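Quick note, the sequences are listed as chains A and B, same order. Under this note's numbering, the first sequence has 41 at position 41, and the numbering climbs by one with no breaks. Under this note's numbering, the second sequence has 1078 at position 78, and the numbering climbs by one with no breaks.
These are calculated hints, taken from the structure and not from any lab test. Among the hints, erroneous ones may be present.
[Stated by the list, open to error] Only pairs whose alpha carbons sit at most 25 Å apart, straight line, appear in this in silico SDA-like list of lysine to any residue:
(1) Lys-1108/B <-> Arg-108/A
(2) Lys-83/A <-> Glu-62/A
(3) Lys-1105/B <-> Gly-42/A
(4) Lys-9/A <-> Thr-1083/B
(5) Lys-1003/B <-> Leu-45/A
(6) Lys-83/A <-> Lys-1105/B
(7) Lys-71/A <-> Ile-51/A
(8) Lys-9/A <-> Tyr-1046/B
(9) Lys-57/A <-> Thr-79/A
(10) Lys-70/A <-> Thr-20/A
(11) Lys-1052/B <-> Ile-1102/B
(12) Lys-1112/B <-> Gly-42/A
(13) Lys-57/A <-> Thr-5/A
(14) Lys-83/A <-> Thr-20/A
(15) Lys-83/A <-> Glu-15/A
(16) Lys-57/A <-> Lys-1003/B
[To be verified] For the chain A half of the interface with chain B, some residues (derived, Cβ under 8 Å), not all of them:
(17) Leu-43
(18) Leu-45
(19) Leu-90
[Unchecked claim] Listing some non-contacts, in silico: residues in chain A with all C-beta distances to chain B over 10 Å:
(20) Gly-2
(21) Val-19
(22) Glu-24
(23) Lys-70
(24) Thr-110
Just so it is clear, the structure is predicted and the values come from calculations on it, not from any experiment. We put the CB at the ideal spot given by N, CA and C, even for glycine.
Next come the chains, spelled out residue by residue.
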Amino acid sequence: DGGITQSPKYLFRKEGQNVTLSCEQNLNHDAMYWYRQDPGQGLRLIYYSQIVNDFQKGDIAEGYSVSREKKESFPLTVTSAQKNPTAFYLCASTPSWVGGYTFGSGTRLTVV
Amino acid sequence: DAKTTQPPSMDCAEGRAANLPCNHSTISGNEYVYWYRQIHSQGPQYIIHGLKNNETNEMASLIITEDRKSSTLILPHATLRDTAVYYCIVRVGDGGSQGNLIFGKGTKLSVKP
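Kindly generate the complete structure, drawing on both the sequences and the hints.
Structure (structure tokens):
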């Protein structure tokens, strides 16, 4: 079945460490997105990519980095520069026309 | 900031229709209204979207006012599994390009037996 796979589901990181969250889709979607969600809050856009080898900053890109070397993959790195990285991270994709977004099941990152 | 306003919470009896309102008074002519829902600790699920006309699918109906300044999502026969946070979103950007979804805090719908 087509969908988006995020891994791992839970991730623990020590302060000062970089960590990479995986997002893979087999929907043949052009655009992919990373969102962050804090408890009781809506989703905030971190980065998005409309095509391979191109991506743009969202509203809260500081302390994060991404790459889009393949259409299917859009990994997110949470760097040590991100001051408050503990959150629920969601990846999404959408085809190049108007339509609904498909979200992954999320990765819950905790800094210990 | 989100371009929509929703009540923070609503209750609905199981088996009854759930009507979730959304105000989007500054919507532009080429912006669509999208509805998603998020069950606790899961990724949001697409429900429905529309531009001007009312829309219906297997999950819900979307009623958009003629002036497009507000809309209502209708779940015709709510079940306990419909308990979730419902997000009303106006999609930024025109129909031909990618528009980012701007999420507000949504409406927490509690379906009660």
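Closest C-beta approach of Leu-90/A to chain B relative to 8 Å, hint status: holds, 5 Å
Closest CB of chain B to the CB of Gly-2/A still more than 10 Å away: Gly-2/A is indeed farther than 10 Å from all Cβ atoms of chain B, at 14 Å.
25 Å limit on alpha-carbon distance, applied to hinted pair Lys-1052/B and Ile-1102/B: Measuring from Cα to Cα gives roughly 20 Å; hence the hint holds.
Restraint check for Lys-57/A with Lys-1003/B, where alpha carbons must lie at most 25 Å apart: holds, 20 Å
Distance restraint between Lys-83/A and Glu-15/A, which requires alpha-carbon spacing of 25 Å or less: The given pair, whose Cα atoms are some 9 Å apart, holds under the 25 Å limit.
Pair hint outcome, Lys-83/A versus Glu-62/A [Cα-Cα no greater than 25 Å]: holds, 9 Å
Given pair status - Arg-108/A, Lys-1108/B, alpha carbons within 25 Å: holds, 21 Å
Given hint Leu-43/A near chain B, where the shortest CB pair must fall under 8 Å: holds, 4 Å
Straight-line alpha-carbon gap Lys-1105/B to Gly-42/A, limit 25 Å: holds, 5 Å
Hint consistency between Lys-57/A and Thr-5/A [alpha-carbon to alpha-carbon, up to 25 Å]: holds, 22 Å
Distance restraint between Lys-71/A and Ile-51/A, which requires alpha-carbon spacing of 25 Å or less: holds, 7 Å
Agreement of Lys-1003/B and Leu-45/A with the hint, judged by alpha carbon distance not exceeding 25 Å: Given that 25 Å is the threshold and the Cα spacing comes to 15 Å, the pair holds.
Comparing the model with each numbered hint stated earlier shows that all of them hold.
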